[in-house]
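Protein chains in written order, with my numbering: chain A, 1 to 178; chain B, 179 to 847.
If you're looking for bench data, these hints aren't it; they were derived computationally from the structure.
Treat the hints with caution; some may be incorrect.
Said to hold, decoys possible - List time: in silico BS3-like cross-link candidates among lysine-lysine, alpha-carbon distance up to 27 angstroms: (1) B:K560 with A:K151; (2) A:K168 with A:K151; (3) B:K560 with A:K168; (4) B:K699 with B:K795.
As the list claims (entries may be wrong) - A few chain B positions that, by computed beta-carbon distances, are all more than 12 angstroms from chain A: (5) S273; (6) L353; (7) A418; (8) W419; (9) M582; (10) L605; (11) M643; (12) L661; (13) K699; (14) F742; (15) K795; (16) V811.
Think of the CB as a built atom: it goes at the ideal place given N, C-alpha and C, for glycine as much as any other residue.
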Amino acid sequence: MIGTWKRWLVPLAAVPVLGLLAYGFRTDPRAIPSPLVGRSAAAFSLTTFDGQPVSLEAYRGRVIVLNFWASWCYPACYEEAPVLEAGWRAYRDRGVVVLGVDIQDTEAAARRFIAQFGLTFPNAPDPTGRVSIDYGVYGVPETFVIDQRGKIRAKHVGAVTEALFREKVEPLLGEAPG
Amino acid sequence: MIPEIGHAALIVALVLSLYGAIVAALSARSAAPRWLAAARHTAVAQFVLVTGAGVALEYLLITSDFSVRYVANTSISTSPLRYKVAGLWGALEGSILLWEWLQALFVLLVARKAATLRRELGGYTLAVLFVVSGVFLLLAAVITNPFERLPTPAAEGRGLNPLLEVTDMLIHPLLLYTGYVGFGVPYAFALAALLAGRVDETWLTATRRWTVTAWLFLSAGILYGGWWSYRTLGWGGYWAWDPVENASLMPWLMGTAFVHSVMVQERRPMLKIWNLTLITLTFALTIFGTFLTRSGVLSSVHAFASGAVGPFLLGYFAVILLGSLGLLVWRWDRLGERAELETLLSRESVFLVNNLLLVAFCFTVFFGTIFPLLAEAVRGVKVSVGVPYFNLVTVPIILLILVMMGAGPLVPWRQGSWGRLARLLRLPAVLALLGSLALWLVGGVRGDLVALGYTLPFFVAAAVMLEFWRAARGRRRATGEGLPTAFARLLRQNHRRYGGLIVHLGVVLIAIGVAASSVGKVEREVQLQRGESLELGRYRLRFDGLGASEQPTHLLVSAEVQVFEGPRLLTTLRPGQRLYPTSQSPFATVGVRYGLMRDLYVILAGFDREGRWATFKAQIHPMIAWIWLGGGVVVLGGLVAVWPLRQRVVTTVSAPEGVVIAGASEQAP
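Put together the whole structure using the sequences plus the hints.
As structure tokens, then:
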């Protein structure tokens, strides 16, 4: 017969496992560090919904917030659209540009989305999917912060919050264009 | 209005589950019959209310009421009716409601039986089940309320995950959930026995059929999931050791151990603590599975979105584990074992070894599943545990289990004899060796360790079939019945044992299918111009062009592939891709020619928009059909084991020499 106190080891054995699982809430299994961070951002040129040519090259020397979205991406893209617009308005005079790339979408739905949120930053469709492949976009929304020298400095998966501008964009503003 | 009514139904059902738990517990303590009657009525009312909530949600889905968040998330107004209906289990909130509906159904079924049970056992069992139901109602009514309104109604919904737009997706979750919920019944009985402090065999005998039924549903659910994955996902596999797949396998393994070990306690006063622990772990693992699927703690292809559900389910999991095991420790002294293993070789010891193997299997799967979390917690690195780990550690265990499956059922209770066992196993062993030898020499199958993948299943199959043959022959000699009649009577007379043996045969077929298809798989990926062919094994596949058609929810691009064997045209396959406006990656429509000995499996991997060329992935899966066939046999055997046959008083048959181990010593009590 097992000693009385040793019996309690049976339920106690479960405690470390439970602790480990609880720890799991603090981690995000999808937040796999992007190998692109620290590398040069892939060049592209697209045409915006307004018919203007837009390219990464043209914004060299500014901090770029490159956002991949789609009109069917509900609710995350709907949550972040006002945040992006506000960030664009707040930081555009300080050398920041927000650039939206609409992927896997129909043009009419995308235009409705832009109108719904009154987006004023440049937004372009990616008809061939080339740009989203170059950036390894796994799901929408995904957002990349690119510095003045064209290097990817951060990647954000899911809806963007003001914290992105505060913590990821703001610190880059002092850096010299390369 | 409907959403509010549905939500109100859930809240009232939640209150009722509390009330039900209280009156059921009172019915255990007091002899007055009114308490049990009240509990039974509460069970009926709860079931009606939950059903009403389900109907309300279904109504909202069918009428595309996009003011409800859940409907907007899982439905599109233009999609066909059956996809709207499928929205009920298309996302987290609905799946919890479906789960709770099954839970309420099981409470009702047990409540109807409760009067036939000993008062304490029936009362506490119902009380536990009401609490279990209440937990899910709390989840459904408060945390994952499917009736929650959007601040502003959406103009259009998002639509169902395209993978769920298949009728199979009704069957797979229903089977699995029934299995999960079903294991709650033996668990509730076990807990009731502990609460009542009367831990004899009553709770086991009362739950025999419940347990095997739950096991049967869980087995069928897992197999159906594999079959669905193979036919529709287009990667040519059926099992990937994904965390959520593991989550369904773990309770199955633990439950399988339980199904076997109860047979020991039914006959001998031993393994009491062990059985209580097994059923607690089985039930806890079903909740763990729900937690894994819904918490977002581990990355999985099956995962639902997360939220407050994760911590809630983890808390529930903790309460079940710590509470039940604590109760077990508290009652430890009443659980004294009154019998011990007498010899190394007996049915009892065989069951014990089988149990240790299954539990070890379960533990390795559990360890592999949570290892990424452990690695991140301890070393701060992201790792993933893949197929190589699982194959490496589980294959030896599976082979040992197969040995036990062949030999175990031939070992008698209490006292076995090695000499007799050797005699009984000689013929199956010889047959298995001859069969494998033939495969190796004639069939050209590789002769290394993989041969075990055939030899052992053959061995088990031969042992089981010889067992049937001996028993039927013995019965024929004794009664003068014809062989088929003798066989049928045998099944009736001892349906648990022979149902179990049929399940073993099914497992053998599955083992052969798994071994053959994983070792003998052939694959080629080739880009073809229109009119060109590719050779794969005995087949020649000619690409004859592409076509596109507009379907209600997607665009279907499919290729026409003519399959030749020699000069003979066998069939035309149409592998395709379904392109959904709401999804980034296309979904495969696989072109398959099914066959008993091999499946030809063709995937359209890429194509030219002008239709000039296409890339194909073509695979041959040898004997993969045996897995599904074996699954059918497992279900059949399970049905034989649980089918409510009236136990007729068996005419006393004096078993002739040599068949004692078969039927006669195995009368069900």
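Now for the hints, and whether the structure bears them out:
no., hint, in the structure
1, B:K560 with A:K151, "24 angstroms, holds"
2, A:K168 with A:K151, "13 angstroms, holds"
3, B:K560 with A:K168, "23 angstroms, holds"
4, B:K699 with B:K795, "13 angstroms, holds"
5, S273, "19 angstroms, holds"
6, L353, "26 angstroms, holds"
7, A418, "16 angstroms, holds"
8, W419, "16 angstroms, holds"
9, M582, "26 angstroms, holds"
10, L605, "44 angstroms, holds"
11, M643, "41 angstroms, holds"
12, L661, "51 angstroms, holds"
13, K699, "28 angstroms, holds"
14, F742, "36 angstroms, holds"
15, K795, "20 angstroms, holds"
16, V811, "36 angstroms, holds"
In this structure, every one of the numbered hints holds.
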